[in-house]
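Following the hints, position chain B against chain A.
There are 2 protein chains.
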Amino acid sequence: MDGPETGDAFGALLQAGLQDRAATGVIERDDGLVTPHAAAGYFTAVDEWPALERTACERASGRVLDLGSGAGRHALHLQKRGVDVVALDPSPGACAVARAQGVRDVREAGIEDVAKLGERFDTFLLLGNNLGLLGSREAAPRLLAGLAASAAPGARILGANLDPSGSPDADHAAYQQCNKDAGRLAGQLRLRVRYRRLADAWFDYLLCSPAELGELVAESPWQLAHVEEDGAGYLAELRMRDRSTT
Amino acid sequence: MDGPETGDAFGALLQAGLQDRAATGVIERDDGLVTPHAAAGYFTAVDEWPALERTACERASGRVLDLGSGAGRHALHLQKRGVDVVALDPSPGACAVARAQGVRDVREAGIEDVAKLGERFDTFLLLGNNLGLLGSREAAPRLLAGLAASAAPGARILGANLDPSGSPDADHAAYQQCNKDAGRLAGQLRLRVRYRRLADAWFDYLLCSPAELGELVAESPWQLAHVEEDGAGYLAELRMRDRSTT
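Chains as they are written, first to last, in our numbering: chain A, 1 to 246; chain B, 1 to 246.
By construction, these hints were calculated from the structure, which means they are not laboratory data.
None of the hints are false.
Covered stretches of chain A (chain B as the covering partner; in silico rule of three or more C-beta atoms under 8 Å from a C-beta of chain B):
| hint | stretch |
| --- | --- |
| 1 | 1-12 |
| 2 | 18-32 |
Far from chain B, by Cβ distances over 12 Å, these chain A residues were calculated:
| hint | residue |
| --- | --- |
| 3 | Val46 |
| 4 | Thr55 |
| 5 | Val83 |
| 6 | Glu138 |
Note that the coordinates shown come from a computational prediction; the quantities given were computed from them, not determined experimentally.
Where a beta carbon is used, it is the ideal one built from N, C-alpha and C, also for glycine.
Chain A extracted, bound-state conformation (with noise of 0.2 Å):
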């Protein structure tokens, strides 16, 4: 037989979960860990939601666009409130499901891809712990300019992350000394998202602390404005540098 098919695992996942919201796909990391991956988690309810979410939503302001915007839960959550919010996917399966749930404008495209829109945005959102997007110590920065490239005068990241530091699990533990071992964020995951037959490309996602993130962002054009923490989990909020008195 031939092994996983490469394709739109994560969009078949919550297109299934459309349909029946126990349907459950995998997260494997290259260690080897595989995690069950509910496809309800993408269709949660605003009451749900870690009070985090709800707060960098009631932030967002301005022209919003919402990075990895899965099902659409938070652009639609936004459009609802009148907020003029562009939702932004890399999985064609994730856009026509935002797009089933009424999210009215969605584009397909992952965060490389921010500056080739052309357009200027208020409010980067990357909730449900999208910072991670930023993939490591080396994506970052680039990715970061791209952002900066599109922001509008004033423009504010609202981003949810996970501090991984201080993990129990003595699986996540020696991930993380590996990570250490080799140079990289000791929080740097690669993963991929399986269900059923398919499994997407690998990708790189980053966990780090509020302060690994203040030095990720050092020489880029954001600062960290503010960071409110809840347990392991964080709201970091990123401002534009004034370049004109720097």
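Here is chain B on its own, set in the frame of chain A:
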């Protein structure tokens, strides 16, 4: 990173399930199909079982060998009813869990090692689709002979399985066609359990129709005496052929 670690994934899943019934692993098929696999199914109460499993337990008599006993739910049920039952599972973790659940006589061995036990049994119980442990058209005769070598006079096999034919699922249909093209029985599955970083060795698990089972045992010391169907599931009773009259 190193990918999954070969080990007792099934046992680790059941051991996790002992603490947390929500523990969930993955069954991976060699065509890449991944299916979440919950430990909870191994800890179900009698009234949650398929009716045919209760029927099988009522019919189990004499000294009983429960093959692929998992967390020991069937063995424990029989033991409580005063039946003389031995639970058999090749997974050290599963054996530990069955013992923790209160099963008194648990042996760490697979179906291929039954003859090595040097004991005689009146009933061989293969529930939870465990007729699938017959593996393949090639392996089944040897395994059936091994059971016969450990059979007391008048011994029976009470085995449950799933008829794979007529599955409406396109992936399953394609898998079965691939098997047929290669000369295998349609429902010969190559699987492994994964739990967190652990992956079991790949094993064959044979889903077959009652008719295929009849053909499979034709040249064996066993004959298919009785089949009860419930949807795609069925309970088969096999009896030792009476050699004196043939």
